[in-house]
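A.B. asks: Okay, here's what each chain looks like letter by letter:
Number of protein chains: 2
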Amino acid sequence: MDAYAAIRTKRDSRSYLARPLDEGVKRRILQAGRMAGSSTNRQPYRFIAIETAEQKEALSACGGFMRHVPQAAWVVAIAMPKEHTLFDAGRAAQNMMVAAWAEGIASCPVTTHDTEGTRFVLGLPDGLQVLHAVAFGYPPDPARVGVGRPRKPLAEIVHYERYGGARA
Amino acid sequence: MDAYAAIRTKRDSRSYLARPLDEGVKRRILQAGRMAGSSTNRQPYRFIAIETAEQKEALSACGGFMRHVPQAAWVVAIAMPKEHTLFDAGRAAQNMMVAAWAEGIASCPVTTHDTEGTRFVLGLPDGLQVLHAVAFGYPPDPARVGVGRPRKPLAEIVHYERYGGARA
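Those protein sequences? They're chains X and S, same order as listed. Anchor point for the first sequence: position 72 equals 72 in this note's numbering, and the numbering is continuous, going up by one each time. Counting from 1 along the second sequence, just add 168 to a position and that's the residue number in this note's numbering.
Keep in mind that the hints are not guaranteed to be accurate.
Residues on chain S that point at chain X, a partial pick, calculated with CB under 7 Å [unchecked claim]:
id : residue
1  : L185
2  : M203
3  : Q223
The set of hints was computed from the structure by calculation and includes no laboratory data. Cβ coordinates follow ideal geometry from the N, Cα and C atoms, glycine included.
This is chain X alone, in the form it adopts within the complex (with noise of 0.2 Å):
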């Protein structure tokens, strides 16, 4: 799929199908993640790929919004050092889900607000912390795949030289 249209299409979704994703697709969503830059390159970010179902469901009781990462045909941790900025986490994060989506499979970000429990799930070392994983799997109807997440108008997000700038 072409870059532009997998942005823009891409939508985060919940909903998967059993069906597994082939060793060439995990393959190239972690490669996706791997490309992903960082502040001074220092690559921060670790990925924890997780398959299966007692590993699922442990993580899943590490966050409010989490119940549907056992459906998920597979998850993503992305372990940080505490120190750095997460928005490196997300751009790793973003890149992984693009590239799927270009492949049909469809990811919703989920945040881990049990950090301690995460720890403990995923054997962590000192100083590494995961906030978020990324659960992805095939959509049982890509069509609807969005339907129901609107965004706000270009108009009112962006602003020109200063906030609240209008086009020159």
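Given the structure of chain X, go ahead and fit chain S onto it with the hints provided.
C.D. replies: Frame of chain X, contents of chain S only:
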């Protein structure tokens, strides 16, 4: 450009030609940012598009690593509510940068260390802050974009089921 190709080959790059970006390209980049998902679809970001030399110079003075900002053809500052996660700012920024690169335009995020200075320069209201901006421009030599920005091998970044876990 194909989505995966754009994602895989995009590197952060700080050298730009003076050539301006046309209105269609700028609109697609802003649309790419607008379409990024956000926590509970709050769409917390506001994009301040900067083109005048005065504003680029003023913004450049607000960070330690922003000397390339005045050379950029176009700069988009990302304003976020202080309480909202920067993960979503990173998602929007990555969408904009990948959409730009798919059209041959290089970019690099910059961090604005002087948040009070940025507030003054951009006229931000209370509650919003700009911690990141993205500089855009055509690269002098597209073939050299990203040379010298290697990534760690996938095997070092990816773990399975748990931190340190090997592939099944």
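A.B. asks: Could you run down the list of hints and mark each one as holding or not?
C.D. replies: Evaluated hints:
no., hint, result
1, L185, "violated, 20 Å"
2, M203, "holds, 5 Å"
3, Q223, "holds, 5 Å"
This entry does not satisfy hint 1, going by the numbered hints stated previously; all others are met.
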